[in-house]
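**Q** The lines below spell out each chain.
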Amino acid sequence: MNPKNVQRAMTSALSMVLLSLGVALLPVQAVAQDYPTKPITLIVPYAPGGATDTIGRVVADSLAKQFGKPVIVENKGGAASNIGANYVAHQKPDGYTLLVATDPALFLNEFVYKELPFSPEKDFDPVTHVMNVHSILVVAPSLGVKTLEAFVAKMKAEGAKYNYGSPGVGDGSHLGMEWLKNEAGGFAMTHIPYNGMGPTVQGMLSGDHQALIVSVVTAKPYIDAGNMIPIAVSGTRRAPGLPDVPTFAELGYPTIRLGFALGLMAPKGTPIAIRRKIADALQEAFKDETFQAKYVTGLGYEALASSPEEFQKFLGSARQDAARVVKLAGAEKQQ
Amino acid sequence: MAWAWASASSPGIETLDLFANLALGFSVALSPENLLLGFIGCFLGTAIGVLPGIGPISTISLLLPLSFVLSPIGGLIMLAGIYYGSQYGGSTTAVLVNMPGETSAVVTCIDGHEMARQGRAGAALTIAALGSFFAGSVATLIIAVAAVPLAKVAVNFGPPEYASLMLLGLLASIVLANGPFFKALGMIFLGLLLGTIGTDVNTGAARYTFGFFELAEGLNFIPLSVGVFGITEILANLERRRHETTTTERLGRLWLTREDMRRAAPAVARGTGIGSLLGLIPGGGIVLSTFAAYMIEKKLSRRPDAFGKGAIEGVAAPESANNAASQISFIPMLTLGIPPTASLAMMMWAMTVHGIQPGPSVMTAKPALFWGLIASMWIGNVMLVILNLPLIGLWVKLLRVPYRMLFPTILLFCAIGLYSVNMASFDITLAVILGLVGYLLRRFGCEPAPFLLGFILGPLLEENLRRAMLISRGDPMIFIERPVSAILLALAAGLVLLLVLPRFRRSRQEVFVEEPS
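Quick mapping for you: the protein sequence lines, in order, are chains A and B.
Going by my numbering, the first sequence opens with residue 71, and the numbers climb by one from there.
Going by my numbering, the second sequence opens with residue 6, and the numbers climb by one from there.
Don't read these hints as lab results, they were simulated from the structure.
Everything numeric in this text was worked out from a predicted model, so none of it was measured.
Glycine residues also receive a C-beta, built at the ideal position from the N, C-alpha and C atoms.
There's no promise every hint is true.
[As the list claims (entries may be wrong)] Not everything, but these chain B residues come out facing chain A in the computed CB check (under 10 Å): (1) S142; (2) I343; (3) M351.
[As the list claims (entries may be wrong)] Over 12 Å on every C-beta distance to chain B, these chain A residues come out as not near it, computed from the model: (4) G266; (5) G322; (6) G339; (7) P341.
Modelling step: build the complete structure from the supplied sequences, incorporating the hints.
**A** Listed below in structure tokens is the structure:
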């Protein structure tokens, strides 16, 4: 074959490829540039009023301000996020329907549930890791311990006599305590599951159980009143208002992740340019001073608004931890 | 339950302090801004209470972001207004169209709707409003005087006490429901069975969900009550109307007769007392208080036969009880940070976002907020009476609307309300199925009230029984060793004895009969 012909053929082939790539990319870029052209819907997979719902509404307000388009929050609650997640998994991947996902939807349910009508890993594209909400280990004053070391020692010696509470089987609070039990070398303590955090806190006050992993915001007033003794907090820094309470990492438990992560997930196939745009907008919104004062310094939330790539990486490692911890807690494929 | 009053009679607050605190509270609550916000809350609450299916939970959640813009106390006053305003409004649909807007209005349907059918809807709504006002005023006073000592009572109520109380409640409903005894028993058991649907709290296993994620948290009360009460009632009405002219179109007088007042006044007082006591118990206390108030009224009445046939006491007692209880339930929230209902959990969240931690320190750290909220409750009750009394005439006129136009409207509002709970058509389908089931049961002479009681109390009984056994490591003595639980169990045993004694059997009275046979 004539080398010139080969060259021509190659050039035309290359240009064909480039052209088709361009054709494929052009509308996407145009879509991403114009995004959003209509209202965005955030699906909160819980009933109105809980922590996820409230943070979801804060995220909606922040995005609406940045984009100048309405952002609507719709609650599709039930079955530990599965109903809302299943709905979003089957929406158009155009960036106009997003899931406000927490641990159960992000990486827990695939291990807790026997079967799901969707794959949390394969049916979603990550958008942004919005924030981490941290938790604290508190114990009843009757236990007579004030440090993690003393708590672990006492539980190893006579843990069978004591209980810990959680708002439900497979909840982050339950899994966290089993994680700690395992990291600390194992101790016996009976798990008492409740139906929600309100009754769990009441159970601790009335002496039904002696230890609990709970959000810092919920525990703070009881700590101030002396009804709960703070032991350690999760996260990389100490909690606002509790400067004397060490983190688990400081005490030699760097891998334990308590509390929960909250992120936005999009249906599989949502263009990366759109996902980046949402993450950047949220990043910008989080710089707002009143937001920082109220949620970061006030309530101790770790506001991140990370990139889709960073979020993907986080989900990978969190998934590995989840598989292990769910097994430890005996909550595997229960529901 | 003398233990509750023993601690109530020794309040740790000096009388002088009380007046100073109340003065502070009223100075906060009477500011023009807060008065307006209170009015907006009460008005919205009444409106959503009247619309079937749309409850205070969805309304409060929609208005939460708005409340963040307001001052903390202003936002709270508005949200609190929605909360107790909906309690007033919920009785309106119960009386007019036999549909409880909330669990707490289930009992009101029994005699309230019967009164409406006899052309006395005005009187039923008036006594509901006046009874609620009295109960609300007393409850406000109790919170102001004895919030802190009473909060201790709520904490001492652990799993064994809950389990024993629920057992007593279920037994009482069996013993006191005579009429078609086995039908009432069967309905309670049907309620217990449906109550087991959903995720098992102790193991996390799914029970009777048949693969529907929608059932993972159990049957929702709203489709259940709209189906079994609302749709069933409409079906029955459509059938009845073919044979006879209806009586609900008769208007009758709006105000109460002297005889009504004489009968209702003691019922209001007793209902207030029961509501104030049971309102302290988070989770189920408010609903239980309405059933308890109704049963006690019937037991004490000289004309128990009139109950279920439009007895005014049957409206006065439970309406007073639910308002007293829902207001008293602010005590565990404000002093302990324990929200007894989902609506109050949301209000707690609103406080948290404003940087106020509900809990033991609120009273001392934020006296203006604490006392302002208490004063606003009383002002809110005054507003609700002023708002509701003139509206009664309007509501009653609604009954003049031809039924062929009224029932599609009711169905439409039900469908909107049902859909708004989870944005899912599943709840509408469920309500229609339950409505058909309810209609069949009604044809066989079974009433929905014992069914709903079983449905509400059953899961609470199971959950707390198993939790108590977990705590005692399987030793049933825990129910006898704890004094309050032992007393409740003794009462339950006494009721069983009464059940088997033939002499009592003859004098046993019908509690749940709704239809004149």
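**Q** Each hint: holds or not?
**A** Hint check:
Interface restraint check for B/S142: the shortest CB-CB distance to chain A comes to about 28 Å, outside 10 Å, so the restraint is violated. Hint on B/I343 holds. Least Cβ distance to chain A is approximately 5 Å, under the 10 Å limit. Against a cut-off of 10 Å between C-beta atoms, the interface hint on B/M351 holds, since the closest Cβ of chain A lies about 4 Å away. Separation of A/G266 from chain B is inadequate, the least Cβ-Cβ distance of about 8 Å not exceeding the 12 Å criterion.
At the 12 Å boundary, the C-beta of A/G322 stays outside the reach of chain B, the nearest C-beta of that chain being 30 Å off. With a least beta-carbon separation of about 24 Å from chain B, A/G339 lies farther than 12 Å from that chain, consistent with its non-interface assignment. Every CB of chain B is more than 12 Å from the CB of A/P341 (nearest about 27 Å), matching its label as outside the interface.
In this structure, the hints that do not hold are numbers 1 and 4, in rising order.
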